[in-house]
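Q: Read off the chains here:
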Amino acid sequence: QQQVKQSPQSLIVQKGGISIINCAYENTAFDYFPWYQQFPGKGPALLIAIRPDVSEKKEGRFTISFNKSAKQFSLHIMDSQPGDSATYFCAAFSSGSARQLTFGSGTQLTVLP
Amino acid sequence: ETGVTQSPTHLIKTRGQQVTLRCSSQSGHNTVSWYQQALGQGPQFIFQYYREEENGRGNFPPRFSGLQFPNYSSELNVNALELDDSALYLCASSGREPGNEKLFFGSGTQLSVL
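From first to last, the protein sequence lines are chains S and Z.
Taking my numbering, the leading residue of the first sequence gets 1, the next gets one more, and so forth.
Taking my numbering, the leading residue of the second sequence gets 1, the next gets one more, and so forth.
There may be inaccurate statements among the hints.
As the list claims (entries may be wrong) - Here are the simulated lysine-lysine pairs, DSS-like style, with alpha carbons at most 27 Å apart:
#1 S:K71 / Z:K102
#2 S:K5 / Z:K102
#3 S:K71 / S:K5
What the hints assert, rightly or not - If you want the ones that stay clear, here's a sample from chain Z, every Cβ over 12 Å from chain S, calculated:
#4 L11
#5 K13
#6 T14
#7 S27
#8 G28
#9 T31
#10 P43
#11 F64
#12 F69
#13 N77
Don't read these hints as lab results, they were simulated from the structure.
Every residue gets a Cβ at the ideal spot worked out from N, C-alpha and C, and that includes glycine.
Assemble the whole structure, with the sequences as input and the hints as a guide.
A: Printed below as a string of structure tokens:
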């Protein structure tokens, strides 16, 4: 299976709150897990990424938590800001011959001022 | 900005027509991938080009085809357009070296098929 399941579909958070987006995968061949942020009319932009040998990675206000045994990973956005309002996609990378990304279905995040 | 440029930004076609979309990869990147993003969904892998050859393909029919040129730029061609082909088409460039999994996306071409 190449599927990556993402939840929730939409999320509304107050300014300063914590936004949490969850993803689960099935294919154990995935070996790189990025998160992308997409604003309307733009392509996805790489936000942060993690490899399965690490359980957590933090960059500024963004943290990825990774649970290899459960095949789940999540994005935490601390101190959420209105400028964080965007669609967030988790993805999983397969380093076979094609080196392709499999994306989740996306989470529309709205941070209220 | 990622340095990946796509043209045109918007395109309107009618069913049955053919379309060509273009992509210039980021400097130093030798691999180009194309993705289709339907409204409200995540991008789906169409195919990838490396050294001017198709290097992998997603679940898309043969009427989706592509080219990569010696300067690593790329084209996506879609023949016999169908209404369901209406989507944002994204190009992503990357390096090929092991460990270089970062894909950099362009802003896409919004294709509408009427």
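Q: Is S:K5 within 27 Å of Z:K102, Cα to Cα?
A: 21 Å, holds
Q: If I take the minimum Cβ distance from Z:T31 to any residue of chain S, is it greater than 12 Å?
A: 7 Å, violated
Q: In terms of Cβ atoms, is chain S entirely out of 12 Å range of Z:N77?
A: 19 Å, holds
Q: Is the nearest Cβ of chain S still more than 12 Å from the Cβ of Z:L11?
A: 15 Å, holds
Q: Holds or violated: S:K71 and Z:K102, Cα atoms, limit 27 Å.
A: Within the cut-off at roughly 21 Å; holds.
Q: Quick one: work out the minimum CB distance from Z:F69 to chain S and report holds if it exceeds 12 Å, violated otherwise.
A: 20 Å, holds
Q: May I ask you to check that Z:T14 keeps its beta-carbon over 12 Å from the closest beta-carbon of chain S?
A: 24 Å, holds
Q: Would you check whether the claim that Z:S27 is not at the interface survives, using Cβ distances to chain S and the 12 Å cut-off?
A: Per Cβ check, Z:S27 is outside 12 Å of chain S; nearest 17 Å; holds.
Q: Does the claim that Z:G28 lies off the interface hold, with its Cβ farther than 12 Å from every Cβ of chain S?
A: Non-interface label on Z:G28 holds, nearest chain S Cβ at 16 Å vs cutoff 12 Å.
Q: Please settle this one: Z:K13 was flagged as non-interface, so is its CB more than 12 Å from every CB on chain S?
A: 20 Å, holds
Q: Could you check that no beta carbon of chain S comes within 12 Å of the beta carbon of Z:F64?
A: 15 Å, holds
Q: Would the pair S:K71 and S:K5 pass a check requiring their Cα atoms to be no farther apart than 27 Å?
A: OK: S:K71 and S:K5 at ~11 Å, within 27 Å.
The structure shown violates the earlier hints numbered 9, 10.
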